[in-house]
Amino acid sequence: MESLYAITTGVLSACGLYLILRGRTFPVVVGLTLLSYAVNLFLFSMGGLTTDGATIIDGKTTYADPLPQALVLTAIVIGFAMTAFAVILAMRARGDMGNDHVDGGRGRDEREENRR
Amino acid sequence: MSPHLIVLPVVLPLIAGVLLLRTRHGSPRTKRWLGVGATLALVVVSALLVDRASSGEIAYYALGDWQPPFGIVLVLDRLSALMVLLTSVLALGCVIFACGGDDEQGSNFHGLFQLQLMGINGAFLTGDLFNLFVFFEVLLLASYALLLHGGGKSRTQAAVHYVVLNLAGSSLFLIAVGTLYGATGTLNMADMAARIAELPAERSGLVTAGALLLLVVFGLKAAILPLYFWLPRAYAAAPAPVAALFAIMTKVGIYAILRVYSLVFGEQAGSLAALQQPWVWWLSLATLAVATLGVLAARDLRLLVAYLVLVSVGTLLAGLGMGSVEATGSLLYYLVHSTLVTGGLFLLAEMIGLQRGKAGTRIVRGRPLTQGGALSMLFMAGAVAVAGLPPLSGAIGKALLLDAASAEQQPWLWPLLLASGLGAIIALSRAGSTLFWRSQKGESDGEPLPRQQWVGVTLLLATSPLLVALAGPVSDYTRAAAEQLANPDAMVRTLLSDAGDAS
Numbered sequence: 000m001e002s003l004y005a006i007t008t009g010v011l012s013a014c015g016l017y018l019i020l021r022g023r024t025f026p027v028v029v030g031l032t033l034l035s036y037a038v039n040l041f042l043f044s045m046g047g048l049t050t051d052g053a054t055i056i057d058g059k060t061t062y063a064d065p066l067p068q069a070l071v072l073t074a075i076v077i078g079f080a081m082t083a084f085a086v087i088l089a090m091r092a093r094g095d096m097g098n099d100h101v102d103g104g105r106g107r108d109e110r111e112e113n114r115r
Numbered sequence: 000m001s002p003h004l005i006v007l008p009v010v011l012p013l014i015a016g017v018l019l020l021r022t023r024h025g026s027p028r029t030k031r032w033l034g035v036g037a038t039l040a041l042v043v044v045s046a047l048l049v050d051r052a053s054s055g056e057i058a059y060y061a062l063g064d065w066q067p068p069f070g071i072v073l074v075l076d077r078l079s080a081l082m083v084l085l086t087s088v089l090a091l092g093c094v095i096f097a098c099g100g101d102d103e104q105g106s107n108f109h110g111l112f113q114l115q116l117m118g119i120n121g122a123f124l125t126g127d128l129f130n131l132f133v134f135f136e137v138l139l140l141a142s143y144a145l146l147l148h149g150g151g152k153s154r155t156q157a158a159v160h161y162v163v164l165n166l167a168g169s170s171l172f173l174i175a176v177g178t179l180y181g182a183t184g185t186l187n188m189a190d191m192a193a194r195i196a197e198l199p200a201e202r203s204g205l206v207t208a209g210a211l212l213l214l215v216v217f218g219l220k221a222a223i224l225p226l227y228f229w230l231p232r233a234y235a236a237a238p239a240p241v242a243a244l245f246a247i248m249t250k251v252g253i254y255a256i257l258r259v260y261s262l263v264f265g266e267q268a269g270s271l272a273a274l275q276q277p278w279v280w281w282l283s284l285a286t287l288a289v290a291t292l293g294v295l296a297a298r299d300l301r302l303l304v305a306y307l308v309l310v311s312v313g314t315l316l317a318g319l320g321m322g323s324v325e326a327t328g329s330l331l332y333y334l335v336h337s338t339l340v341t342g343g344l345f346l347l348a349e350m351i352g353l354q355r356g357k358a359g360t361r362i363v364r365g366r367p368l369t370q371g372g373a374l375s376m377l378f379m380a381g382a383v384a385v386a387g388l389p390p391l392s393g394a395i396g397k398a399l400l401l402d403a404a405s406a407e408q409q410p411w412l413w414p415l416l417l418a419s420g421l422g423a424i425i426a427l428s429r430a431g432s433t434l435f436w437r438s439q440k441g442e443s444d445g446e447p448l449p450r451q452q453w454v455g456v457t458l459l460l461a462t463s464p465l466l467v468a469l470a471g472p473v474s475d476y477t478r479a480a481a482e483q484l485a486n487p488d489a490m491v492r493t494l495l496s497d498a499g500d501a502s
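If you read the protein sequences in the order shown, they are chains A and B.
Start counting the first sequence at 0; every next residue gets the next number (numbering that gives the first Met the number 0).
Start counting the second sequence at 0; every next residue gets the next number (numbering that gives the first Met the number 0).
Please note that a few of the clues may not be correct.
Derived coverage of chain A by chain B (criterion: at least 3 residues anywhere in the stretch with Cβ under 8 Å from a Cβ of chain B; other residues may be distant) [to be verified]:
(1) 0 to 9
(2) 21 to 35
(3) 75 to 83
(4) 86 to 100
Derived lysine to aspartate or glutamate pairs resembling DMTMM-like cross-links, with alpha carbons at most 20 Å apart [to be verified]:
(5) B/K357 x B/E442
(6) B/K152 x B/E103
(7) B/K152 x A/D95
(8) B/K357 x B/E446
(9) B/K152 x B/D299
(10) B/K357 x B/E482
(11) B/K152 x A/D102
(12) B/K357 x B/D299
(13) B/K152 x A/D99
Hints listed in this document are in silico derivations from the structure and should not be mistaken for laboratory results.
Note that the Cβ used here is the ideal one computed from N, Cα and C, for glycine as well.
If we strip away everything but chain B, and leave its shape as in the complex, we get (with noise of 0.2 Å):
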């Protein structure tokens, strides 16, 4: 297999997004098909490294052969490759629900897509503090745009909110990735790994201050309590393609919080170890129920979604505080399901909105919908799936994270992860029942949707179904990759040949 695979997540979109800019002012058609082109190329590049990962080699590309720790490096363990297929996986179900009319609606649609997915995948696969800081800031500019893509009120608003929160994140993270690189020297994060084992006693107190700023930063990312207010209402504003691709964009902070606390706190850390344990845990309890409270309290659909997106993020981050190995395994599987299953309805309420014209997505009574039964029918799917109920993949993920817990931690997480399953039933069947039965009056004269937006809700709601018929090989393999986690002396020694003697 060709050495180059690893780059090829960055390189592709890069390339797709170059190219699509060009062509700005070229016909829709073309656009359309370089964008799926390139997405479904992505998708199957990145099937490749999960073929190429789950034999548990870790794998680096040294850009410009400076080999590590000099060199910028880019890392494929099973964990970076498992997201990189799930971020091509979710971007191919929206770019295609995108084809169905969303990208014209603003210019440069699909040129952004391609940026934004080259930030996403960049993050997931580097080995480099500073270069986490390069894409996270790639994936944010493109996400601005995209967040603006067709204009509106609402859409300025929340953007004003989401861009200077980010800016003041991404001050937030440069602070931090200095206080680390002046107490260990280093930024590639295996070698910080190597010296932070060796590090001399009166600096700790430096390196837990950059180690906690992280926190924050990846905090803001992925929304944990005090640092999820912008998210609700980004994510409602946005258009729904890119809203869906959003559903990934929480995961990256999340994906950070692992990978950094799991390979350079982790137990070679000595005092430093697991330091973030406490806080991500009782913030994620807490993240659950204001979460819980938040989809019961929605009056819209966009916003019920937005709000099961965190209910997500506060049950992935509680299973990063439980801080085993069975916990981050079961997270993963958990992780895949709610990405693919929030995106897929993040489509489907622009879908009912778009048939029942003014009323739009706000769960109050109005005409009824032309496709009413087929939209139902995929709204219960995905309601089933969210909530957590047999047969679909989130009652296996809930099921596998509640087995996790140990014994001090199930009184605190079984009622509210329950009790957020409970929630989200409540307010799911409520909305629907409010948009599909109560809805009755008057004639439906809503456009049939496109043929693109059915296509694309069905691929990403159908991956639920899946994932519970390949629960076994799917969640070994999230069990592996949390095992590779857990012992990231592997990944030292395979990036420092020389591990042990940094100077």
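Here chain A stands alone, though its shape is the one from the complex (with noise of 0.2 Å):
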């Protein structure tokens, strides 16, 4: 379970590293989703994974570690609100500089715009 539970971890990352360095302004929105996703997992094994462990200390010797599991549902809810922050930011950059290029470039999106 454990390395299943590593390369999940790692892949996310890696893709939500590689789509934050794309140049526009969709795909780093995304990007910085999956790197919460992967955040988020990590934060959740980082007491240890353990299976068939009581969610409530009751006299067993083997329980879940109850903190991370706080931990990971703060750092949800701050994730889901910075990712509708992120969206209608990108959305406004669109508007205001008429493309939705990260750095607001000019040029690079003729074929887009005689498109339409």
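Need the complex rebuilt from these two chains, each delivered in its own frame; the hints are there to steer you.
Spelled out as structure tokens, the structure:
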């Protein structure tokens, strides 16, 4: 299970990083989302992965670490809010600058402009 | 004194912020009084906190009475009290300035401003690594919205970079926090310090990775060399009172480096002690050099001030990189000075721009200023202070830092720091002579500036002579704060009554 978990987290963060480095705002936002998924998975596993652990300590010796769960909940909430904000900002930038390049570059979009 | 005083710098702006968001359609007058009143109250509270911390006492406030290391704590020591006071004084100047008209260019200025103060104060007071992340997010969220206040193309563009970069930074922060929790099993910084002392050897690699990742995150906030490219554009594009408040945001990163590495990775950490030192030292010198070039190359007054912020960041980080008690004490003195003066200069640049019509803050010839005399005097005072010329506070701060450098650090620090001062003098005198002396053609038709703007700028720039007059007590205090930081045992003992037998 550990290796599957690690590979999933790794693939998610690699895809996220690749997309963040793209030149247009939409892939960047998707990349940020993927990266935050990877981070959430990572946080979730930081207390160590246990199977069959009790959620609430009731005398059992194996129990799930409750702290990462609380942290991941906080991180998910913050991540959602930030994604929403980034989407709105990207739309605003598209409107203000007339294209969706992250640095507002002009000229590279002429073909796209002509098509419309 | 009430035990709840420590939580007030977080709760007070929160309440004020919520009230202001509720009255967002109310008259500007109500909002302004509420905003200024709340900030004034914050100044009083933080002055009381400094008074309390100056005895050397380390106090903590356990939220919900959950005792550390399990509960969330706010910790008050000399350093955090000083930073909270600095924030509130800077904020007072900014909020008074904003009442001159900047706050009505968009919606919700005062509410967001208070929420940002809440995040900054929380980041200075918290004693918990995850809570540091939460307060970072609070202050960043408010800053994203404030950066866009008033709208405009350049602001949107600067905000896209700023937001994306900081979101990526937040992800790194979480990974670092997760790694450190996985290796040590705690998030309370004092508890982590106690546990790192007894860390099994096979986990030290994991902790090193987490610690250096944290350095990247704090370096992004503080704008250290390879991570500073967002800063000049964002600060130059932000509305003036926001840019002035942002002067403290880079200091949040510096504070976080200072706090985390002195407490968690202090002497007790054995082989992991001071693992950030070489990185911070060399990168800070490079930051200083590049920022000086930026100052010389800037063609816009606001961009110039943004690079001056970067110079101050490089100087402060060099103080951090020296890693001695004297250096930390003098860097704290310089930090107070540079935050207030660069904040004041941002406000001043806006006022100059308002009176020049089309030319704005660009350093080109334009129409003469309506109130050029008074503005040029203020500019002169700010320039002397920020460049580090006597008799104002920059000279004392730089002299303290130069004096604190050890023999093998001097050949690197002295030329760079003095050259950066020279660069600032050249750039500022060039800017000043173009703005005030060579702009004589045509009629001046700028409106007289509102009184609030004068009050805000004067308040911030007047702290520089005040810091000179009180240089003795202030530097004694910062020196004592540095000594307190160098002995993290006292804090560990205060927070964990059973320190040492962490299991």
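Fill in: Violated hints - listed by number, lowest first
Per hint list: 1, 10 violated.
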